[in-house]
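Heads up: the sequence lines are chains A and B, in that order.
Taking the working numbering, I'd label the letters of the first sequence as residues 1 to 745.
Taking the working numbering, I'd label the letters of the second sequence as residues 1001 to 1175.
One or more hints might be untrue.
[What the hints assert, rightly or not] Where chain A lies over chain B, by a calculated footprint (3+ residues, C-beta under 8 angstroms):
#1 1052 to 1061
#2 1090 to 1104
#3 1119 to 1132
#4 1144 to 1150
Honestly, the hints are just simulated from the structure, not real lab data.
In this text, all values refer to a predicted model and were calculated from it rather than measured experimentally.
Ideal placement from N, C-alpha and C gives every residue a C-beta, glycine not left out.
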Amino acid sequence: MSNQNIGRPVPRKEGRAKVTGAAQYVDDLALPGMIYGATVRSQVPRGRVVNITFGEGIPWGEFTVVNASDIPGANAVALILNDQPYLADGVVNHPEEPILLLAHEDKYLLEEARRRVFVEVEPLPAVFTIEDSLAQKEIVWGEDNVFKSFLVEKGNVDEVWRRDDVVVVEGEYETGAQEQLYIETNGVIATASAGEGVVVRGSMQCPYYVHKALVKLFGLPEEKVRIIQTETGGGFGGKEEYPSMIAGHAALLAWKSGRPVKMIYDRAEDMAATTKRHPSRTRHRTAVTRDGKLVGMEIDFVIDGGAYATLSAVVLSRGTIHAAGPYECANVRVRSRAVATNAPPHGAFRGFGAPQSIFALERHLNKVAPAVGLSPEELRRRNFIRRGETTATGQVIREDVDLAALLDRAFELTDYHAKRERFARENENSKVKRGIGFATFMHGAGFTGSGEKYLQSIVGCEATAEGRVRVLAASTEIGQGTNTIFAQIAADALGLDYERVEVVRPDTGYVPNSGPTVASRTCMIVGKLVESAALKLRQTLADDGLLGETFTQEEFERACREYVERHGSLRVFTQYRQPEDVEWDDEHYRGDAYGAYAWAVYVAEVSVDTVTYEARVEDFVAVQEVGRVIHPVLAAGQIEGGVAQGIGWALYENTVWQNGRMANGQMTNYIIPTTADIPPIRVHFFENPYPGGPAGAKGIGELPMDGPAPAILNAVEQAVGVAFDRVPLTPEAVMDAVERELVEA
Amino acid sequence: MKEILNNVDEANTGEGRTHDGGRVSVRCTVNGEAVELHAYPLARLLDVLREELKLTGTKEGCGEGECGACSVILDGALVNSCLVPVAQVEGAEIKTVEGVADGDQLHAVQRAMIECGGAQCGICTPGMVLAAVNLLERTPRPTEADIREGLAGNLCRCTGYMKIFEAVVRACEED
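Here chain A stands alone, though its shape is the one from the complex (with noise of 0.2 angstroms):
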């Protein structure tokens, strides 16, 4: 194997056509005798549908019409419990739900006739908050309104409370909902019929779950359905599973006209109609020593599943083994559910239950160490993990973590002593208060634990006869550089240059199903899959005598020349093995939760406005250890992107909702930071090689999303000397708060 590649920032593979417009998204393609899609939707939380009337003055029967009654297989997108219809059938349980579906050459008259489409919903009574879901206001959902639990007990938690050694610390934290917001909305074009099959092109991350969800939606062979990735403009989760419905919709008009059917949503509908983060509260008790040991640890999670179940026991599940943090507490006790409320159901955004559930460990640790009388460092230092301990799942942690060598490097970028000393000094006489506070936290990577044992990817690796190498994998690109280093990865593993490898756009007709592009998976498992799979071949000229342990550009050309033409092709595939010492009990939720885990230290400096009351963060500080860098620029992109999107979720976006429907659904008045909101961020990566990886890499796509929500929460309570304990924080509640302190005073 070189190093020529990786950990050197190559060009992205598809940057010129980027900076050039020639990057082709959805939108951007037509196919001849194409019609336009659009949904017909809910306006009613929940309830009966008594009537649909067709409005007077749009020539229908010019229109194609779908309802649930079209559909040729099963009325249901595939996922984990298949609850989530295609096509409400009489019974609706979200506003913007799905009824019926209407096709027109003219997407101006589409647009007009979707509006005079009535649905007369005889209303049922709707639960909107985790509060009235678990109080059962209302059963919405199966028997209790519960999608998935689970406990994770460690040790002997209940024992704890009794000992007079301790201090007992409760907090209740809660995040709002939040919209994930990629610049390029959802989007497919579709052709389908029962001869020719279903082909659907669009932005998505995960082609083969588009796949597996059509083939239940017309009852087809897994052959007559194919699903292309096209030029994808940001997905963060947003595009993880909710890519099924829209592409269902649109091939369901495909096969009805005959046509091929283009579906685009615009902001509005996107914003209103697909998935968010799900909303989440968590209870925190705290037994911690007098001097600063944490010996009990009892937290109750809880997040809003929206209506129907989709992926909300994943989401659960992380959030859940996240929730103890990288602390060793030798007795923990986590117990979360996920539940059912009539808002449009939440889904994957990047972190994935793990912000909600580090937001509050991260704030609440804040309020444990003062408790003690330590300083919310001196409480971390006294309680991170290292190599040998373990966490609440009883992981054994066998890496070296050295989480206080990372604080000590935050601190150092960030002067942050005595930035906080100077604070605590000057804020007294300031009308702008300033603060600085940190997050320390992990991410694991990969899917929880049997989950790769039972996605069991595949990655393919081919040569051509000109010695040219194509990567054959369904990871996709959505701009976090895929594309880039697999092709760095099997440029090294094979010994040749960068440019003359290419990875294959993700097509089901044509490359392996190596899982979906989602739980900061696709460097650290797939990236080795692709690694092992160049490796592969080339063993498969050495074993043909054709190539020797060392050889030229020239060489490898003629090899494969050679080999394919005694052979007719050279293709290889490796598939996932699960490593020998990696243990999960799924019943018990207990052992080696991920492969890997990054760590993190963030700081966060923020300035308190006590005349606006807007709070800015002014500076911002993210060190992490990843096990390997294998792009410099891609890696720091993704952190700089991750702590942007973090940043929103504190200060900026507000979900406002209205009888479970989101009101403030446009730009307008759903704010993402722009470029005058964001502070310096500046990034450190520390190296660790985690053999199962890559040249060593461990995944980071979603980690920067835990810190700086509960960073700059920390900063804001020492700038304004309250503490609050939700996101987003937005100036009302920032003024509410100081307002009625100096009543209090």
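Got chain A; can you put chain B on it based on the hints?
Just chain B now, with coordinates in the frame of chain A:
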């Protein structure tokens, strides 16, 4: 609609206009080439560029003038083409992302965006490139504050903006 058509006629200093079921012809220059567009007067410039001229580099991100993905340069000013009725561009000079490079030769901003990692998913990139190009045309040596202000109308969800700032600085250094 009728009043607007009339106003357009009044503004017109003598060029013949065809009214084809409400469509008007609009003459302007796009990326240096004279073109004649045929569209409803209130059709969004964004749609006319993409659908009639097949210049799909300009993107729709929000349709409400908030995200800047649809940015074009109109008579030297950076505008959101989703908010520009095509009738308004009569006689105007328009530059889209397709007009930034000089044939095969990329603009300094484009080269810098690739080198610095300023483009991730790429959907905001055409608008961002134009915003940077326009900024440098107006302010050849921008300060950090100028850069932040100049790009504040272009939202990016992937990058956190750091590498976009670096790219603008790098592009200045090249000149």
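Right, here's what the structure says about each hint:
1. With 7 residues bearing a CB less than 8 angstroms from a CB of chain A, the region 1052 to 1061 of chain B meets the requirement of three and the coverage assertion stands.
2. With 5 residues having a Cβ less than 8 angstroms from any Cβ of chain A, the region 1090 to 1104 of chain B passes the three-residue criterion, so the hint holds.
3. Given a C-beta distance limit of less than 8 angstroms, the hint that chain A covers the region 1119 to 1132 of chain B holds, as 9 residues qualify and 3 suffice.
4. Coverage of the region 1144 to 1150 of chain B by chain A holds in this model, with 3 residues showing a Cβ closer than 8 angstroms to a Cβ of that chain against a need of three.
Figure legend: structure checked against the earlier numbered hints; every hint is met.
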